[in-house]
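Trainee: Each chain is listed here by its residues.
Protein chains: 4
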Amino acid sequence: MLNVGVIGVGYWGPNIIRNFDACNETNMVVASDLKPERLSFIRKKHPAIRTTTDFNDIINDANIDAVAICTPVFTHYDLAKKALEAGKHVFLEKPMTSTSAQAEELVELAARKKRTLMLDHTFIYTGAVQMIKKFVEAGDLGDIYYFDSVRINLGLFQHDVNVIWDLAPHDISIMDHLLQLKPESVVATGADHVGKGLEDVAYMTVYYPNNVIAHIHANWLSPVKIRQTLIAGTKKMIVWDDNIPNEKIKVYDTGITVNRTKDEIYDTLIQYRTGDMWAPKVPLTEALSLEVNHFADCIKSGKTPVTDGVAGLNVVRILEASEKSIKARGKEIKL
Amino acid sequence: MLNVGVIGVGYWGPNIIRNFDACNETNMVVASDLKPERLSFIRKKHPAIRTTTDFNDIINDANIDAVAICTPVFTHYDLAKKALEAGKHVFLEKPMTSTSAQAEELVELAARKKRTLMLDHTFIYTGAVQMIKKFVEAGDLGDIYYFDSVRINLGLFQHDVNVIWDLAPHDISIMDHLLQLKPESVVATGADHVGKGLEDVAYMTVYYPNNVIAHIHANWLSPVKIRQTLIAGTKKMIVWDDNIPNEKIKVYDTGITVNRTKDEIYDTLIQYRTGDMWAPKVPLTEALSLEVNHFADCIKSGKTPVTDGVAGLNVVRILEASEKSIKARGKEIKL
Amino acid sequence: MLNVGVIGVGYWGPNIIRNFDACNETNMVVASDLKPERLSFIRKKHPAIRTTTDFNDIINDANIDAVAICTPVFTHYDLAKKALEAGKHVFLEKPMTSTSAQAEELVELAARKKRTLMLDHTFIYTGAVQMIKKFVEAGDLGDIYYFDSVRINLGLFQHDVNVIWDLAPHDISIMDHLLQLKPESVVATGADHVGKGLEDVAYMTVYYPNNVIAHIHANWLSPVKIRQTLIAGTKKMIVWDDNIPNEKIKVYDTGITVNRTKDEIYDTLIQYRTGDMWAPKVPLTEALSLEVNHFADCIKSGKTPVTDGVAGLNVVRILEASEKSIKARGKEIKL
Amino acid sequence: MLNVGVIGVGYWGPNIIRNFDACNETNMVVASDLKPERLSFIRKKHPAIRTTTDFNDIINDANIDAVAICTPVFTHYDLAKKALEAGKHVFLEKPMTSTSAQAEELVELAARKKRTLMLDHTFIYTGAVQMIKKFVEAGDLGDIYYFDSVRINLGLFQHDVNVIWDLAPHDISIMDHLLQLKPESVVATGADHVGKGLEDVAYMTVYYPNNVIAHIHANWLSPVKIRQTLIAGTKKMIVWDDNIPNEKIKVYDTGITVNRTKDEIYDTLIQYRTGDMWAPKVPLTEALSLEVNHFADCIKSGKTPVTDGVAGLNVVRILEASEKSIKARGKEIKL
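Chains as they are written, first to last, in our numbering: chain A, 6 to 340; chain B, 6 to 340; chain C, 6 to 340; chain D, 6 to 340.
Derived by calculation from the structure, the hints in this document are not laboratory data. It is possible that some hints are incorrect.
Because identical chains cannot be distinguished in the list, a pair is counted as satisfied if it fits within a single copy or across any two copies.
[Unchecked claim] Derived DSSO-like pairs: lysine-lysine, alpha-carbon spacing no greater than 30 Å straight-line:
(1) K332 x K240
(2) K86 x K255
(3) K336 x K40
(4) K40 x K255
(5) K286 x K40
(6) K329 x K339
With the hints as constraints, model all of the structure from the sequences given.
Mentor: As structure tokens, this is what we get:
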């Protein structure tokens, strides 16, 4: 049994605690937060869990094997570094760090200390993404044309990061996981309507090799909530609408066939194919539950987590580049 | 009664003919096309209309007052120039020309010759856009935050222009009409999956003054057809889904209120407002019918058309800039 | 080539004419209507078609092989009888007649005169119904549980028949075609809100053998237009939404398994199965075009039409029973 | 503070306990169930609540003021009777009893004992129904034409009651609450596909005075979950789709105007009106929380609950009649 401590029990931390508590491989021991009222909230729900306002009580506790860090982004680097240095395995909230240099350092540190560093890229563990991944890996989609994701709603405006750092880590981690391609560069645009230098509407394009292109629309100022991702390939195309309780994933037997003729100047003939649509049943297991078990399993077996430090670093690199690009009005930032 | 000739009766021309034929102010006299089979198609539907394979028969016909040009873009400049020089009023298909220099020249020529030059920006005459325009002008939306439009479907790939030149003129003309702002610059990205140098998936951001931002997603490789435009302001937000037969326009009483405190470092307080939604009944009159009547009325009265040559030029400038930007991987192109 | 005359060119007649005109096997010769303005409308669209205000000109014309009757229901019997007696093949609008006795007489008359009598049950020839029929016949649905259809919208109120006679013939003909079962009885309810004795909201249940049950909701007073049919079987279940342009038909791998135990008093165990959904591509051919060709083919080959007089009679019997039931507040009417 | 005991903590009971526990006016004291594992489930969530397998421990406890009964229907009468006779106020799960005679007896008993008897018709306390009720009472809909409700999904089959007794109490209680009319009679049809005499698909029509008609479709064998209610009046029409998270209620400015002329034989002229649609924001308060507070308030103040014993009796009368009708294949049962 792995003894687990959780640092930060604001919005997301309680879910982490609930799942570590329910996991057969882990023993949820202690939680810390700067706000006492959050700790009493946790004690009420989980009377057996110790609480503390000092995270060092967790990091210095020799009895603790693993630490989950669910605090604001700007604290991730310091806390994860301390935890790794203290020999703990680390389960880290996304986005991983504020800079890619910090993320790289954590990746190296974890390797050096031989500790498991896993990123909480929750969506990767959902039934929907796992199913799409299976289709992509099996080649069902053919060669990928593009990945297009829209994640928009009203609020919640963050105080310290723009809408890309807030919402796009979901899409970036999914796209990195599905495409398994090294991105070349980022072009991002956006606007700040509140005047604090934090964009509330933003668009980013990521260029990949082989004409694969990805685009993400993140927006805190939308009257409607949209969670829609298109993934199109030469053979099939997927529409994933995460707002729909059933039929989240629709696979379209749709595409084009390009016939090149001798005289290519005017005669590239494009034929269109629209066929059946198929909505496979998506399993409803809670992603976080799978994830927490995977973390425990990786620690025990020494396996590399699916969402390891490198996956976290990949996301931060794109976020960082997008921020540079957005401030330079769409300047292409190489990765 | 205005005598009208139509040059080009491919996909769209027959609709133009039908509407000039039905209009009480116009007399649909003659149609030309290079393909005889298109002309026999027209003669079958409209036995009273003369046809010719030589557009000069129309331009040189002293009896013809106005010419509608419904040919491929690359021919617009030459044909419109000849028609204006021959003293005809011109009803011109969109996009206006292949370059902004050509468009400027046509605007000047029309002014010099005191002829009406009107662009067929059809959407401007739909009940939906006219209703949104009314809301925007009345200040119902407050200050505009952004304009976001998605126009995607499978095909039809064009041989000579990319997906932006093909689909985005609709969105650009609508956005120009609604915002009435001078755009500052364009950032565009995209990818060509066929290998002819014509992007089939493209994204463009247009920067406007006062933090107003616009974005268009145009795509020939989508498994689903989406025609959705969001227009958000400080007071209200609109979702216009042109695929829905009824309830195309939804007006949301949704928004944010920003309360600034003395200590602004951490304390900009943002309050969210979500209220009723309202779907006003949108009139179903055919846009082209209104448009053709407006053209006749402008010729008679000397009024400037709502979609005049300058409106056409505005669209071409943005298209031209988007093409430069897309080829330079998102480089900001000033307008 | 079959020479065809059409009697009645109100709302639907022009479609019939257009399709007989386009059919390679038929020669659309003459149309009649009591209203001269309808005839001039036809002449404008089809200058080659003769017109007359006297239907006898069609029936007595020895040159005419087949007559399509598109007049109000109460005239069907007389006109069809005259046409059959004159040796014409008859293409008859639905519902077939005002009474089942009349329908029976026409069936017999057609048999005696060896003429083709075909009902215009258009939906039977749509891609959607043909696809569902294929699934049912192949046993893909297993044993049918029920057929449930909702056909509601605002108006158009009819002057001479209630909402069941107006809207339900579609559903009844579809259900008769798909189930191929002899109905046992009908229970119908409804209300007349205008006060002319014609129900504008109505519900009808049709009992079939083997616990198969069918239900139709027909309504002229609905704020929304719904065209939804559920067909559930032991193996699969179909939802057909005719308002959706694509994905009209959705096939659900959904159902129950009943496990009976020895002690059946309390222990019938029901297991639920929800699986994938599949939306096969539905061909978009115009139903009426197929239908008109089928009519010509039946006349030529002597084959019995899919929607023959007996199919028409089956519909009228259920309509007639539903009217009796509705007037008797749901009294079961045996068929 | 009112001391409350809950009998029956299966599926719904835990929600009742949670809400009585959270209510400021009530003191959640004791829960009973025949199954010890349900009691340990409750103790884990609410360590302060006493539990017992014998409901008499609650009824005989002089300290208990009110009893909530959340057991299967067939036990309601006995338990509620004992509780009322013991001087307890009773909060009773729906449907109230298995027969209307039992329901009448409970109404009388509660009156005689001067105790509050309230039915848990939860939907009446939802934001959606309260908003519709406000519109109806304000006369916004005009005179009601009809109430039409569809409540269908896959399972859960009940062992002791048919689908009407299982699902329709929701719709019947809502319709009784909104219409405030005395029903005249019921016609119901249905089918049992499992063979235990319990219909799994059922339809019922309720006749009200003034041509108001109501219809409910309840179904355990549907591949899709539908929760849709139409309420149409002379002035406005409402579509309530309870599956939609936002925009549950849509109010349509749709209807007909009947113009009667002197010669009424053929000339009743019906004009159609389709106008704007309006989706008012529906408050999201938990219905059960409002309900439990209302119960406490009624006990304290002596007010009659909105969903009193008579409301419960009204529902049972219609259920009972529908069962008689369904067994007699649609025979009209007077109320």
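Trainee: How would you classify K40 and K255 at a CA-CA limit of 30 Å: within, between, both, or neither?
Mentor: neither (44 Å within a copy, 42 Å between copies)
Trainee: How would you classify K332 and K240 at a CA-CA limit of 30 Å: within, between, both, or neither?
Mentor: Cα proximity of K332 and K240: across copies only (27 Å, versus 38 Å in one copy).
Trainee: Using 30 Å as the alpha carbon limit, work out where K286 and K40 are close: within a copy, between copies, both or neither.
Mentor: neither (42 Å within a copy, 34 Å between copies)
Trainee: Treating 30 Å as the Cα threshold, decide for K336 and K40: within, between, both or neither.
Mentor: neither (41 Å within a copy, 46 Å between copies)
Trainee: Are the CA atoms of K329 and K339 at most 30 Å apart within a copy, between copies, both, or neither?
Mentor: Both ways: K329 and K339 sit 10 Å apart in one copy and 19 Å across, limit 30 Å.
Trainee: Checking K86 and K255: alpha-carbon separation at most 30 Å within a copy, between copies, both or neither?
Mentor: Classified as neither: same-chain Cα gap 42 Å, cross-chain 49 Å, threshold 30 Å.
In the structure shown, a violation is registered for the earlier hints numbered 2, 3, 4 and 5, in ascending order.
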